[in-house]
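Trainee: With the hints as extra help, turn the sequences into a complete structure.
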Amino acid sequence: GDSVTQMEGPVTLSEEAFLTINCTYTATGYPSLFWYVQYPGEGLQLLLKATKADDKGSNKGFEATYRKETTSFHLEKGSVQVSDSAVYFCALTSNFGNEKLTFGTGTRLTIIP
Amino acid sequence: NAGVTQTPKFRVLKTGQSMTLLCAQDMNHEYMYWYRQDPGMGLRLIHYSVGEGTTAKGEVPDGYNVSRLKKQNFLLGLESAAPSQTSVYFCASRTSGANVLTFGAGSRLTVL
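Line by line, the protein sequences give chains A and B.
Start counting the first sequence at 1; every next residue gets the next number (the working numbering).
Start counting the second sequence at 114; every next residue gets the next number (the working numbering).
Since the hints were made in silico from the structure, they are not lab data.
Heads up, a few of these hints could be off.
As the list claims (entries may be wrong) - Ranges between beta-carbon positions, derived for each pair:
#1 182(B) / 5(A): 36 to 44 Å
#2 123(B) / 76(A): 30 to 38 Å
#3 61(A) / 213(B): 18 to 26 Å
#4 10(A) / 175(B): 26 to 34 Å
#5 71(A) / 153(B): 18 to 26 Å
#6 184(B) / 54(A): 31 to 39 Å
#7 125(B) / 40(A): 30 to 38 Å
#8 153(B) / 17(A): 33 to 41 Å
#9 67(A) / 182(B): 42 to 50 Å
#10 12(A) / 208(B): 18 to 26 Å
#11 225(B) / 54(A): 28 to 36 Å
#12 182(B) / 22(A): 36 to 44 Å
For glycine and all other residues, C-beta sits at the position ideal for the given N, C-alpha and C.
Mentor: Next up, the structure:
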């Protein structure tokens, strides 16, 4: 079945550091890929998405590129801020029976001033 | 502009008690979902619904029941709560034409 493997956390970085959170996936066909973010005490919200190979999703300075050859969708940001502290989830939905979204285990990111 | 609203936000139960979590959405979404979030395990799908009057099992359905009698509401029931059901529960919804979920703020359940 479909699965998402995420970089284990927690991750602690200094403000303005470069961020990478790794995500790889296993899925049938051509899935759509997502990054969701969960700020403290809140539900998840969509950060960015990509629906086909080589697409780049971007939002709030974050980027991720859909790499079919390596089945990856790594999240990057060039200069993190304290306000980026949150839990980040990689997820996919297969284009076969796409009622369900499969999530990774989440990566907790803490940015220190 | 409420989006997805979950009730209650917090609840403490004793083993064997029953309760119902309510999810309400005002976006006319067809699809609704219940997930549980546990440390180190991410979000796991409990049950979902693709429309009013329909429900389906997710990956961890045991011990839970659901109902979707109205399009805007999706109820999650625990008939006999167990400590293993201590978790944070999230409801989400989406339209049939999009694959982006809108989440509620979560319901924290503790079973003693």
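Trainee: Has the hinted range 42 to 50 Å been met by the Cβ atoms of residue 67(A) and residue 182(B)?
Mentor: holds, 44 Å
Trainee: Using the beta carbons of residue 182(B) and residue 5(A), state whether their distance is inside 36 to 44 Å or not.
Mentor: holds, 38 Å
Trainee: In this structure, is the beta-carbon distance linking residue 225(B) and residue 54(A) contained in 28 to 36 Å?
Mentor: violated, 51 Å
Trainee: Is it true that the C-beta distance of residue 182(B) to residue 22(A) lies inside 36 to 44 Å, as the hint says?
Mentor: holds, 43 Å
Trainee: Determine whether the Cβ-Cβ distance between residue 184(B) and residue 54(A) falls within the hinted range of 31 to 39 Å.
Mentor: For residue 184(B) and residue 54(A) the Cβ distance comes to about 38 Å; the hint holds.
Trainee: Using the Cβ atoms, figure out if residue 12(A) sits within 18 to 26 Å of residue 208(B).
Mentor: violated, 38 Å
Trainee: For the hint 30 to 38 Å, verify it against the beta carbon of residue 125(B) and that of residue 40(A).
Mentor: violated, 21 Å
Trainee: Return holds or violated for the Cβ distance of residue 123(B) and residue 76(A) against the range 30 to 38 Å.
Mentor: holds, 36 Å
Trainee: Is the hinted range of 18 to 26 Å satisfied by the C-beta distance from residue 71(A) to residue 153(B)?
Mentor: holds, 23 Å
Trainee: Check the following: the C-beta atoms of residue 153(B) and residue 17(A) are separated by a distance inside 33 to 41 Å.
Mentor: This hint is violated: roughly 25 Å between Cβ atoms.
Trainee: Look at the Cβ atoms of residue 10(A) and residue 175(B) and judge whether their distance stays inside 26 to 34 Å.
Mentor: About 30 Å separates the Cβ atoms of residue 10(A) and residue 175(B), which means 26 to 34 Å holds.
Trainee: Using the beta carbons of residue 61(A) and residue 213(B), state whether their distance is inside 18 to 26 Å or not.
Mentor: holds, 20 Å
In the structure shown, a violation is registered for the earlier hints numbered 7, 8, 10, 11, in ascending order.
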